[in-house]
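Position chains B, C, D and E with the ligands relative to chain A; hints supplied.
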Amino acid sequence: MNRLEAQFDIDLPHFRLQADINLPGQGVTAIFGPSGSGKTTLLRCLAGLERSATGRVQFEDVVWQDEQQEIFTPPHQRSVGYVFQDPRLFPHLSVESNLRYGFTRTPAAKRYIGWNQVIDLLDLQPLLHRRTHRLSGGEQRRVAIGRAVLASPRLLLMDEPLVGLDAQRKREIIPLIQQLRDELHIPIVYVTHAINEVLQLATTLVLMEGGKTVASGTLSEIFSRLDLDQYLDQDTIGAVLETQIEAHEPEFGLTRIGFNGRHLFVPQQRLPVGHALRVHVLSRDVSIVVGSPPRQTSVLNVFEAKVVEIGTMSHDRHSVDIKLDVGCPLLARITRKSVAVLNLTPGQTVYANVKAVALSHDLPGIP
Amino acid sequence: MNRLEAQFDIDLPHFRLQADINLPGQGVTAIFGPSGSGKTTLLRCLAGLERSATGRVQFEDVVWQDEQQEIFTPPHQRSVGYVFQDPRLFPHLSVESNLRYGFTRTPAAKRYIGWNQVIDLLDLQPLLHRRTHRLSGGEQRRVAIGRAVLASPRLLLMDEPLVGLDAQRKREIIPLIQQLRDELHIPIVYVTHAINEVLQLATTLVLMEGGKTVASGTLSEIFSRLDLDQYLDQDTIGAVLETQIEAHEPEFGLTRIGFNGRHLFVPQQRLPVGHALRVHVLSRDVSIVVGSPPRQTSVLNVFEAKVVEIGTMSHDRHSVDIKLDVGCPLLARITRKSVAVLNLTPGQTVYANVKAVALSHDLPGIP
Amino acid sequence: AAEVTIAVASNFRAAVEVIADEFEARTTHHVVISSASTGKLYAQITHGAPFEVLLAADTKHPQLLIDESFAVKNTAFTYAVGRLALWTPNPDHVIDGLHALRRDGIRHIAMANPKTAPYGQATYEVLSGAGLWLPIQAQIVRGENIGQAFQFVASGNADLGFVALSQVLNPRNRHPGSRWDVPRHLHAPLQQAAVLLRKGQSHEPAKAFLRFLREPFSQKVIQRFGYGLNN
Amino acid sequence: MIALSHDDLQALWLTLQLAAVTVGVLLIVGTPIAWWLARTRSRFRTVIEAVVALPLVLPPTVLGFYLLITMSPQGMIGAPWLQFTDATLSFSFTALVIASTLYSLPFVVQPLQASFETIGSVPLETASMLHASPIDAFLSVASPLALRGYITAAVLGFAHTLGEFGVVLMVGGSIPGKTKVLSIAIYDHVETLDYAQAHALSGGLLLFSFITLLMVYTINRRLPIRVA
Amino acid sequence: MIALSHDDLQALWLTLQLAAVTVGVLLIVGTPIAWWLARTRSRFRTVIEAVVALPLVLPPTVLGFYLLITMSPQGMIGAPWLQFTDATLSFSFTALVIASTLYSLPFVVQPLQASFETIGSVPLETASMLHASPIDAFLSVASPLALRGYITAAVLGFAHTLGEFGVVLMVGGSIPGKTKVLSIAIYDHVETLDYAQAHALSGGLLLFSFITLLMVYTINRRLPIRVA
Ligand SMILES: Nc1ncnc2c1ncn2[C@@H]1O[C@H](COP(=O)(O)OP(=O)(O)OP(=O)(O)O)[C@@H](O)[C@H]1O
Ligand SMILES: Nc1ncnc2c1ncn2[C@@H]1O[C@H](COP(=O)(O)OP(=O)(O)OP(=O)(O)O)[C@@H](O)[C@H]1O
Ligand SMILES: [Mg+2]
Ligand SMILES: [Mg+2]
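Listed in order, the protein sequences are those of chains A, B, C, D and E. All residue numbers for the first sequence refer to this note's numbering, where the first residue is 17 and numbers rise by one. All residue numbers for the second sequence refer to this note's numbering, where the first residue is 17 and numbers rise by one. All residue numbers for the third sequence refer to this note's numbering, where the first residue is 6 and numbers rise by one. All residue numbers for the fourth sequence refer to this note's numbering, where the first residue is 174 and numbers rise by one. All residue numbers for the fifth sequence refer to this note's numbering, where the first residue is 174 and numbers rise by one.
To be clear, the hints were calculated from the coordinates, so they are not data collected in a lab. Just so it is clear, the structure is predicted and the values come from calculations on it, not from any experiment. Treat the hints with caution; some may be incorrect.
The list that follows gives simulated cross-link-like pairs (lysine-lysine, BS3-like), each with its CA atoms no further than 27 Å apart [stated by the list, open to error]:
1. E/Lys-351 x C/Lys-120
2. A/Lys-228 x B/Lys-186
3. B/Lys-322 x B/Lys-339
4. B/Lys-353 x B/Lys-322
5. D/Lys-351 x C/Lys-120
6. A/Lys-186 x B/Lys-322
7. C/Lys-78 x C/Lys-65
8. C/Lys-78 x C/Lys-204
9. C/Lys-204 x D/Lys-351
Simulated restraints on C-beta separations [said to hold, decoys possible]:
10. E/Pro-307 x B/Pro-40: 28 to 34 Å
11. C/Asp-186 x E/Ala-369: 35 to 41 Å
12. C/Arg-107 x E/Trp-186: 29 to 35 Å
13. A/Asp-36 x B/Thr-361: 57 to 63 Å
C-beta: ideal position from N, C-alpha, C; glycine also.
Next up, chain A with everything else stripped away, as it sits in the complex (with noise of 0.2 Å):
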């Protein structure tokens, strides 16, 4: 019942968006396609701020826009946050008052997160009493980060909002992001080039290009496409499992979990054993032995698997991803040379090992 539904055909000049998605109520949605392929345009169009001769949005159990009906729920009365691609922050006011600005907007019944919370996560007080437009490119970022959020939106969209900050900011940012998500229950249409934040963030992906969207559904759906490959970093290749919590080791900061029978070791998480939980496999974190398994390695994952397929040379030209099949799909990148000297072939039995620090993504359980 919850979700967030919408379509849209809007033709600009030199540009036309057709999409039609329908999201999940909760949870991120990442929107990943390649630049200039409407992303940002259909932010806009969900937010109400560009408006299509054609359109339909319906947010949970409101209607907000129906060209049919002529319903349009002005922007402003949506409860929309939007953190914008470039950091739009008001030059008249000082930090503390464009953070202010939504924030006192919202009555106090409707406000779900604190004042300090928000400030202290994004290190904002050493910002507070400055002037905007001398802020560095991060900062600006984090401040309209934090006025958005301060305002204690029902549906949050944010465009790139990650971009520009260093690793050490992201790592700061994103728990509030999953914080959101999580605990608050807030939905996120999250606009992002950057794969790792779709494995830490999103629980559903949608795919654009040449303005449509050409494909939606959840993070395992979409990875086992093979034509992502254009979109994708090639360092960010990979399967995704569908695994279960076994058991939590915490001596080592480790839980184990299990798909078809195998086990895999992950970074400890926060979930009771039994919960589901899918997990990322990067490709280039998979190697491959053939004969006996390894023993005595520092890779603590090694799976028994059988090569399904060899794929066609990747853009660097020197490695292939080889599809095995442990069970699931599983995806391994190697040298050309090493299909040679290993002479596999389709069929072949081969021990997969996989590092154990190979990214993992949590993905609570969605209706």
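What follows is chains B, C, D and E with the ligands alone, placed relative to chain A:
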């Protein structure tokens, strides 16, 4: 001789920049540091856009600024190209006119790059007749890069130029920057938070913190420092090795390189045999095998190594970096569990598995 | 004490201020003076201006107002007769008649606009009567009213000009300079008429002011300011 | 310095009142017009833009003459005004305000419109994403960002009203204490050759205006509100 | 419509010339002043800002009176002028241009200054990184971005010069064909109760101005140059 030397001490409200840099007159210098550390301010000082009471800049043989001698070359006479942190396209000009702005103002004899070349590389043809203010974020950035490059600057300052671009675009644009660096020998000062851009482009690294240039040097000098951790993405920590080209294996798209009597396979390089090459081996790409060396693995690069030091826990609480000695330092990231299972101790002999696809970085010889 | 609102042609303002002061002193009535060109005052009166008495610079406008019943019949009378003078503030520059206009080195001759100002009309009559109108055309500069014509000359921009004698004789004029009083017969008389307006019809003080205008005190003032009386 | 006569003091006081009220009315009336012109896509936009600038084109006395006709007890505005207020509109302070407002309107509308156009829709969009209604966004974002335009508008409107003469003379009838403003007083002094008093009044007016403008500009510079 | 007399036609032609020349001079003179005011950090900035607005404050005829004194053969400007050109400055077309320029200067300086301030230094910095000298950057970036300000300035300056009357009357001496502009002609008709001719001329002036303004605004809207 051909160097870029600069000293600044500039006191802004809330911020003081105290920079002292001495960079090679060619190659890419990456400026790296947390948000708000003064990277942009440093670039502005170099360009002459910010003037400090005690400042000195010398580029090649020309003193651009020496406040003690009251020398100050105005910005437009420095022949500096600047890709600003925000795109800053001229709103009253079409995309084409924006691109032509600097191009037509460069005497034909001083142009070192052709119109078509830049337009093609940045794929700007479809945008040429567009107005600028409705371009997408990524499109604006491409135009900004093209505009700066088309002015054939003798020194190029780039402030996070690839931010907001999708992986595909980045892959297309990086060769342009490499070409400026390697073929046209244009010195580039490059601000970024993305370590993989540093690895692919930079020859020199300047670390900034709190307005100070805290370290500068070649990549391998800086990367062997232990205190870098805080600035870097955990996924990008690793060792830098000094190697030599030993042989090419074009059939597999590989090049064999040697260091300290060991060999490594890396993606094929366009350098002659015998040429020096530095490579960066991410600790996350190195695993450890104890006992007999693994055979029949897809991992091409296996070395005997000595455990030197077992690092402290990394921020993710479940893995540690192991410092190995393979004639030179090498880092391997493994789980704490593996440390226990393998019973690793300093001095122990192990085998290091290096996935061949580890990011590599070619560094043409610098005087 | 009551208030009398009088509208006065600009050229007579200086004189009327003196007269009004005395009137106020004698009657304790308060006189409110508005001044503008006669043409403007006419337009204002015909569009509801609260004036009770008009002291015009001509006789035409008061008559028009009577005809259109904005003024009370049989109350119009000539309270002053303007005199025209050819004047220069430069005392060394002796003016001895119209041929002073033809002297060498004269760049500009000032006069009032013949269309809008009675003094301009009179000047035109003098010049064309003497056959000088066309010959000196190129040197003539026109003030919109006689006040401006005077300023052109007083400021030295015009070498000499036809001004009102009242301006030259105005006690505040510190440049007696040299002048030639244009003989009355060279132009139609510059009669300035006063009239009681409809708004002052039943206002005794307004009528009293008109009467006071004919009393010896006023007549003396009028003469002192260089106007003739209608005898 | 020459002491100001009672008449002149009255004129001064009236002028200040008129300038203050007129600037106030101008900003209140000019803001919605400028806002509409800046944001509409209506075909009538250019027509209204041209109409707003028109009062300027006529010589003040001529404009004053037409206004006089309109505001007279038989006039298009004057007649209904008389009916409702039982007072004639022409030759009243209100008439002066109306006339000055009309005459100075372009000086207020044009800078405001230019400011609003320069601000564009981005800050307003941003405000709308922070619960601000359009009016709220106008008050809290657009109008402070247009401060430079408001300063220009107020200064031009104020100065022009101080110096205005022809229209006010025509419509007001220069009645001391009621419609005789300083500019008319100065003019009268010049006409009666009372140059000393005219110089004194002009000098005073210039000095006062200078100080006022200086204050406005100094405050403007000190204010942290500056787009750029 | 009543046919225009030869006199009126002459006045019309002269007025157009005056308005065109004045607007040209205003833009040329106003640009550097506005530019300096927008960019300087000098302490004198606010003083100059206030001084520029001052001519507005005086009633036109009074300003004209002071100008007349300055331009007289004995005056501060008139005397040297006479010496160099062997012609008196007052009552000449040049005098009209000087007077109109001075009087309309604030209408040009203020909108331009506001535009330049709004543009800020960012586009100029950007241009300087593309080999553009400050003057080049001004011409190729700042001035097109300030187009809105230029339009406002030109429209206000043009309209105000058309309608200007008091100053021009005073300084020009209303010499037909030389300094008698349309506003004086209309005024004369009104003064002499020749209302029909006054209406005709006013109507013509309004219509002409309206069409001119409409054209300016329409072209402005069509131009792709718009900040925001
Ligand atoms: N109002 C508009 N009028 C005309 N064209 C527009 C408009 N808005 C967007 N566009 C065009 O539509 C295309 C999609 O733009 P959009 O900003 O949605 O892309 P994006 O997916 O967000 O790209 P990026 O990742 O680079 O930000 C672009 O080519 C852009 O130039
Ligand atoms: N002109 C200025 N006046 C005052 N403070 C300034 C000025 N310019 C920069 N600062 C401040 O100096 C600090 C450094 O800014 P700078 O833009 O150089 O950072 P940065 O390293 O580029 O950061 P980021 O990665 O976020 O872009 C910031 O705190 C910024 O607010
Ligand atoms: Mg976008
Ligand atoms: Mg920066």
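Against the structure, the hints:
| no. | hint | in the structure |
| --- | --- | --- |
| 1 | E/Lys-351 x C/Lys-120 | 18 Å, holds |
| 2 | A/Lys-228 x B/Lys-186 | 22 Å, holds |
| 3 | B/Lys-322 x B/Lys-339 | 9 Å, holds |
| 4 | B/Lys-353 x B/Lys-322 | 19 Å, holds |
| 5 | D/Lys-351 x C/Lys-120 | 31 Å, violated |
| 6 | A/Lys-186 x B/Lys-322 | 35 Å, violated |
| 7 | C/Lys-78 x C/Lys-65 | 14 Å, holds |
| 8 | C/Lys-78 x C/Lys-204 | 13 Å, holds |
| 9 | C/Lys-204 x D/Lys-351 | 18 Å, holds |
| 10 | E/Pro-307 x B/Pro-40: 28 to 34 Å | 32 Å, holds |
| 11 | C/Asp-186 x E/Ala-369: 35 to 41 Å | 39 Å, holds |
| 12 | C/Arg-107 x E/Trp-186: 29 to 35 Å | 31 Å, holds |
| 13 | A/Asp-36 x B/Thr-361: 57 to 63 Å | 60 Å, holds |
The structure shown violates the earlier hints numbered 5 and 6.
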